[in-house]
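K.L.:
Here's the letter readout for the chains.
2 protein chains.
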Amino acid sequence: MDSSEVLTSFIKKNGLKKTSVRHLLLDLIKKKSGHFDVEELLLGIKQKNLKVSRASVYRTLHLLVGAGLINESLQRDGRTVYEYSSEKTHHDHMICVKCGKLIEFSDSLIEKHQKEICKKHKFVMTGHKLEIKGICSLCKNKV
Amino acid sequence: MDSSEVLTSFIKKNGLKKTSVRHLLLDLIKKKSGHFDVEELLLGIKQKNLKVSRASVYRTLHLLVGAGLINESLQRDGRTVYEYSSEKTHHDHMICVKCGKLIEFSDSLIEKHQKEICKKHKFVMTGHKLEIKGICSLCKNKV
DNA sequence: ATTGATATTGAGATTCAGTATCAAATAGGA
DNA sequence: TCCTATTTGATACTGAATCTCAATATCAAT
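Protein sequences, first through last, are from chains X and Z. Counting in my numbering, the first sequence runs from 99 upward without gaps. Counting in my numbering, the second sequence runs from 99 upward without gaps.
One should not assume that every hint holds.
Identical chains share a label here; the pair holds if one copy fits it or two copies do between them.
[Unchecked claim] With a Cα cut of at most 27 Å, we get these calculated DSS-like pairs of lysine-lysine:
1) K218 x K196
2) K220 x K196
3) K210 x K116
4) K146 x K129
5) K146 x K231
6) K213 x K231
7) K231 x K210
8) K213 x K227
9) K220 x K146
10) K115 x K129
The hints are simulated quantities; they were obtained by calculation from the structure and are not laboratory data.
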């Protein structure tokens, strides 16, 4: 089932309506395939001479998170950064506090431990976020 | 070296000035010993008939983070939640998306893996945050 | 295809956490 | 005490995210 079908079935299951705005945004996001925020999406929309309002972008992003198609990835400069939930394993982030560089990594052992901890607390995990802040190898060697 | 001394030496080392506001806030935070945000601090200040401005609270919190005395713990309802960096090992959080309940946990294996990953990427970690979102055991059993 | 009930959208106003500004107050060395 | 740099408080400002509400679109039933 591809993402468009996932969206359609999520919409149907929740008594919502299939709209062009919702599928248009999903398409834009799929093409980006990486991290993005609301400003980036709005810029892309403007450049392509499409018409989607800021409010609809925010609303649709919430919807897509609910459908599991995208994730709130992290906060950067006060903005929420999202990413498309691809099939590849969940990954986490290192953020360089000097240059803002984002490094992705994934560690199956950490994932496994998280699941065990949730089990121990009888907690049903719906999402998780691991952010490591520090100084990247390039910045470390500067001055 | 207790936290007040840590603050004093941090202030001296950075050519800053020792002020009553800074030590007052540190004392308030130590007494709280748990999670807190700016509004909570301001409320406590008001109730005790103390006088510290909102701007100074924000400024001092940044200072205390820099001195390693407190941590930015997580985001809750758009507000930054801090916590006092006690001697106990670093801990992470589970947040119930239904009731907002915060569950603390710590896992030395996860910590260890994080360090290894940083080493692999030649990344100098200055802090990290792990947030697991989901549904707590109490909410799970409610309708 | 038309209707009607309901959900969605766009434009702009609003909210609110956090930041910037700047004059007055304070710290602390000389 | 004096001098200079830092800090503080009051308040204006910023900007991401949300709210409002009239206009529009969806879709099931006719």
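K.L.:
Does each hint fit the structure? Answer for all of them.
P.N.:
Verification of the hints:
no. : hint        : in the structure
1   : K218 x K196 : between (38 Å within a copy, 19 Å between copies)
2   : K220 x K196 : between (39 Å within a copy, 15 Å between copies)
3   : K210 x K116 : neither (37 Å within a copy, 46 Å between copies)
4   : K146 x K129 : within (13 Å within a copy, 55 Å between copies)
5   : K146 x K231 : neither (35 Å within a copy, 36 Å between copies)
6   : K213 x K231 : both (23 Å within a copy, 12 Å between copies)
7   : K231 x K210 : both (22 Å within a copy, 16 Å between copies)
8   : K213 x K227 : both (13 Å within a copy, 17 Å between copies)
9   : K220 x K146 : neither (47 Å within a copy, 40 Å between copies)
10  : K115 x K129 : within (23 Å within a copy, 52 Å between copies)
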